[in-house]
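S.K.: Starting from the known structure of chain V, fit chain E onto it as the hints suggest.
Protein chains: 2
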Amino acid sequence: MRAEPASTTRIHPGALLPRPGSQSALREQNQQRIIRALVNGGPQTQAELARQTGLSTATVSNIVKVMAGSGIVTTVPTTSSGRRALSVILNDNGSVAAGIDIGRRHVRVVLAGLDYRILREEAAALPLGHSAAEGLRVAADLLDTVLSQAGISRSAVLGAGIGIPGPIDRRTGTVVQGAILPEWVGINIRETFGARLGMPVYIENDANLGALAQITWGQHSRVENLMFMKVGSGIGAGLILNGALFYGNVGITGELGHTTISEHGLVCRCGNRGCLETVASTSTMIELLNRGSGQPVDTQGIVELALGGDTAALRVIDDAGLAIGRAVAHVANLINPEVVVMGGPLTGLGDILLNPIRRGLLRHSVPIVGETTSVHMSALGDRAEALGGAAVVLSQPARAALPLVPS
Amino acid sequence: MRAEPASTTRIHPGALLPRPGSQSALREQNQQRIIRALVNGGPQTQAELARQTGLSTATVSNIVKVMAGSGIVTTVPTTSSGRRALSVILNDNGSVAAGIDIGRRHVRVVLAGLDYRILREEAAALPLGHSAAEGLRVAADLLDTVLSQAGISRSAVLGAGIGIPGPIDRRTGTVVQGAILPEWVGINIRETFGARLGMPVYIENDANLGALAQITWGQHSRVENLMFMKVGSGIGAGLILNGALFYGNVGITGELGHTTISEHGLVCRCGNRGCLETVASTSTMIELLNRGSGQPVDTQGIVELALGGDTAALRVIDDAGLAIGRAVAHVANLINPEVVVMGGPLTGLGDILLNPIRRGLLRHSVPIVGETTSVHMSALGDRAEALGGAAVVLSQPARAALPLVPS
Numbered sequence: 001m002r003a004e005p006a007s008t009t010r011i012h013p014g015a016l017l018p019r020p021g022s023q024s025a026l027r028e029q030n031q032q033r034i035i036r037a038l039v040n041g042g043p044q045t046q047a048e049l050a051r052q053t054g055l056s057t058a059t060v061s062n063i064v065k066v067m068a069g070s071g072i073v074t075t076v077p078t079t080s081s082g083r084r085a086l087s088v089i090l091n092d093n094g095s096v097a098a099g100i101d102i103g104r105r106h107v108r109v110v111l112a113g114l115d116y117r118i119l120r121e122e123a124a125a126l127p128l129g130h131s132a133a134e135g136l137r138v139a140a141d142l143l144d145t146v147l148s149q150a151g152i153s154r155s156a157v158l159g160a161g162i163g164i165p166g167p168i169d170r171r172t173g174t175v176v177q178g179a180i181l182p183e184w185v186g187i188n189i190r191e192t193f194g195a196r197l198g199m200p201v202y203i204e205n206d207a208n209l210g211a212l213a214q215i216t217w218g219q220h221s222r223v224e225n226l227m228f229m230k231v232g233s234g235i236g237a238g239l240i241l242n243g244a245l246f247y248g249n250v251g252i253t254g255e256l257g258h259t260t261i262s263e264h265g266l267v268c269r270c271g272n273r274g275c276l277e278t279v280a281s282t283s284t285m286i287e288l289l290n291r292g293s294g295q296p297v298d299t300q301g302i303v304e305l306a307l308g309g310d311t312a313a314l315r316v317i318d319d320a321g322l323a324i325g326r327a328v329a330h331v332a333n334l335i336n337p338e339v340v341v342m343g344g345p346l347t348g349l350g351d352i353l354l355n356p357i358r359r360g361l362l363r364h365s366v367p368i369v370g371e372t373t374s375v376h377m378s379a380l381g382d383r384a385e386a387l388g389g390a391a392v393v394l395s396q397p398a399r400a401a402l403p404l405v406p407s
Numbered sequence: 001m002r003a004e005p006a007s008t009t010r011i012h013p014g015a016l017l018p019r020p021g022s023q024s025a026l027r028e029q030n031q032q033r034i035i036r037a038l039v040n041g042g043p044q045t046q047a048e049l050a051r052q053t054g055l056s057t058a059t060v061s062n063i064v065k066v067m068a069g070s071g072i073v074t075t076v077p078t079t080s081s082g083r084r085a086l087s088v089i090l091n092d093n094g095s096v097a098a099g100i101d102i103g104r105r106h107v108r109v110v111l112a113g114l115d116y117r118i119l120r121e122e123a124a125a126l127p128l129g130h131s132a133a134e135g136l137r138v139a140a141d142l143l144d145t146v147l148s149q150a151g152i153s154r155s156a157v158l159g160a161g162i163g164i165p166g167p168i169d170r171r172t173g174t175v176v177q178g179a180i181l182p183e184w185v186g187i188n189i190r191e192t193f194g195a196r197l198g199m200p201v202y203i204e205n206d207a208n209l210g211a212l213a214q215i216t217w218g219q220h221s222r223v224e225n226l227m228f229m230k231v232g233s234g235i236g237a238g239l240i241l242n243g244a245l246f247y248g249n250v251g252i253t254g255e256l257g258h259t260t261i262s263e264h265g266l267v268c269r270c271g272n273r274g275c276l277e278t279v280a281s282t283s284t285m286i287e288l289l290n291r292g293s294g295q296p297v298d299t300q301g302i303v304e305l306a307l308g309g310d311t312a313a314l315r316v317i318d319d320a321g322l323a324i325g326r327a328v329a330h331v332a333n334l335i336n337p338e339v340v341v342m343g344g345p346l347t348g349l350g351d352i353l354l355n356p357i358r359r360g361l362l363r364h365s366v367p368i369v370g371e372t373t374s375v376h377m378s379a380l381g382d383r384a385e386a387l388g389g390a391a392v393v394l395s396q397p398a399r400a401a402l403p404l405v406p407s
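Note that the protein sequences, when read in sequence, are chains V and E.
Per the UniProt record's numbering, residue 1 is the first one in the first sequence, and the count goes up by one each step.
Per the UniProt record's numbering, residue 1 is the first one in the second sequence, and the count goes up by one each step.
Among the hints, a few may not be true.
[Unchecked claim] Residues of chain V placed beyond 10 angstroms of chain E at every Cβ, according to the derived structure:
1) A68
2) G82
3) Y116
4) P127
5) A133
6) G186
7) N242
8) T259
9) G294
10) D298
11) Q300
12) G308
13) R363
[To be verified] Computed footprint of chain E on chain V; a stretch qualifies when at least three of its residues, placed anywhere within it, have a C-beta under 8 angstroms from a C-beta of chain E:
14) 169 to 177
15) 245 to 257
16) 261 to 274
17) 323 to 332
18) 366 to 379
Derived from the structure by calculation, the hints contain no laboratory data.
What you are looking at is a predicted structure, and each value in this text was computed from that prediction instead of being measured.
We put the beta carbon where it would ideally sit given N, CA and C, even for glycine.
If we strip away everything but chain V, and leave its shape as in the complex, we get:
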């Protein structure tokens, strides 16, 4: 890897996107239009881009200049109707996006091309309770390995989208209390990773990345309003609203694991009582099953027992699913999504988990809302978060090279 750390101006504030309506948001929208036009229509002149996007030729020319400067596009002199023109070509000359998913026990790296082809994908184990420094080291090493296996130089990497299983305060770029990885709380992951990896980094909550992956690589590319819900030792969700990731005020959204299900229930790690996580996380399921049997069970064991017809496992999953469905119903009543996609280590359960979730949804939602919300398992399995990381980079290729304007 490169010896020098990236300068701070190279580290992109993925956690501080411009607000809609601001000048920088307007410029960002215009860039996205141009990139979409190039992805859909192939190489074309600036005049053609202006016609297709409705932007002025001056605007197109300015944006193309910036994108060419950062290697996103190449411009080639040409003629159009006998006049001199500039043909704009989206570079697919080896530029790649990296997606990195860091979990409690694993790290996964994917590389994707500008054409959204997955070039390489690897996972490595992490010890439970690993420090942030250790997680970072393993992730950076795995990225090196994957790049070298694929024969791709580090300079070809546009950036890395990194998923963290915890809420991220977008005002500061730090993981806040309530993370599944308490060792990471308070660390500015964006700066830490940016300095270590020597490339622009985009930090995201892992469930947000899972949501983004569903509309990018999943079967829901045409869905405008979708929730991706991850049920594991923690429970969280990512929201796609009006076709884009939704961040709310400070960036902490989808904290469904802390929906109150039982007012005087068990104490949750968040400090409240009876949260969904205390009745439906895999940790709770494991604890319930371990009390009832002589043989200790892990997450994979829950799935195997249930698929084998074990009565206790089926009951524990059914109770958890009903509670999850109740939380999903509250979401549906509030924001009326078209699709809810379930992810995490229990996706192999299929209808065994989906059926009680659907019952809970119908039981606790306004009828028309429950009936128009469909619930599916993610087809991306445990790849969703890392894929979403690459999608974050691909969805804003020009932004990293732009000067930052306060919004």
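M.R.: Frame of chain V, contents of chain E only:
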């Protein structure tokens, strides 16, 4: 009023806005840019508009032509740097927007100018359990009265934004089951009102209009993510997400009144049990207070008793507020709004109601989310919904005149 009913093409499908990303959404965005530029910068040439918006002169010219055709702008030949040009002027020649709020017992009409000045405002009583036809007749008569008092001709009205206290299915434009006004269920209010009023109509859920009023006329004009929650005989909310009204999949959002608070509680009008409405609506408060005292209480009585220090009223409000706060906490955990504004007939209670709501919010939310969500009473009182109706019309002045393109 005009004798002839409006043709159906004149009736704008306020309930069927284009999806973001579609061609019509793109055109709509471009129009909004031009209108904003005219509102902010005053009359200017098409070339200046192109520079200011980043759009091509051809795009600006096309949109201006359509807007001129519908009377939204006037174009005047001028010269700019010695060349012939067209100056574009936003019309404020008496054009007005009407906002109509229809409740269980009242109808309210406001008229606003293109400069957002409120020109006139009137309310009239409606009998409880009125039919849709009767509500419509009273609303249309009141609009006639207000127009004639203000000396404004019907042809100067750009359209009417109409608030209905019930969920509206945007696929069909009808009020669906669960409405506070069961007499209205299944009626296509858009067509009915459009034909009766003879102008473009925009139908909205009343809480959505309340939310829109907060960012248009309220003290929250710079807030990007806001929930307006109306607590009355029903409980519902409108959402402003990323600066715009949010509709979800079929248009039914903010159904907070049906958050499950008590799993085996009272049966709710929606068919579920223990919904927030069964513990915190004004109907429930009235029922509780009437059981405990010899003197029957109405909604205004709740406020008067509490302000006078009545122990039972204070307790009933405190319990209701805590339950409302729990529902608000679930919202905050999910979408992390910056501000929650409370509206409806209990706003006069001030901190008596706000304090238990804030306690409930902090008790049931992830700490950083609860601490960064502020809860206020609406300063617009019972005017919010009608004002929001006028805001709907003003926020899309050019759209009514555009041909409809399937999105």
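S.K.: Of the numbered hints stated previously, which ones are contradicted by the structure, given in increasing order?
M.R.: Violated: hints 7, 8 and 13.
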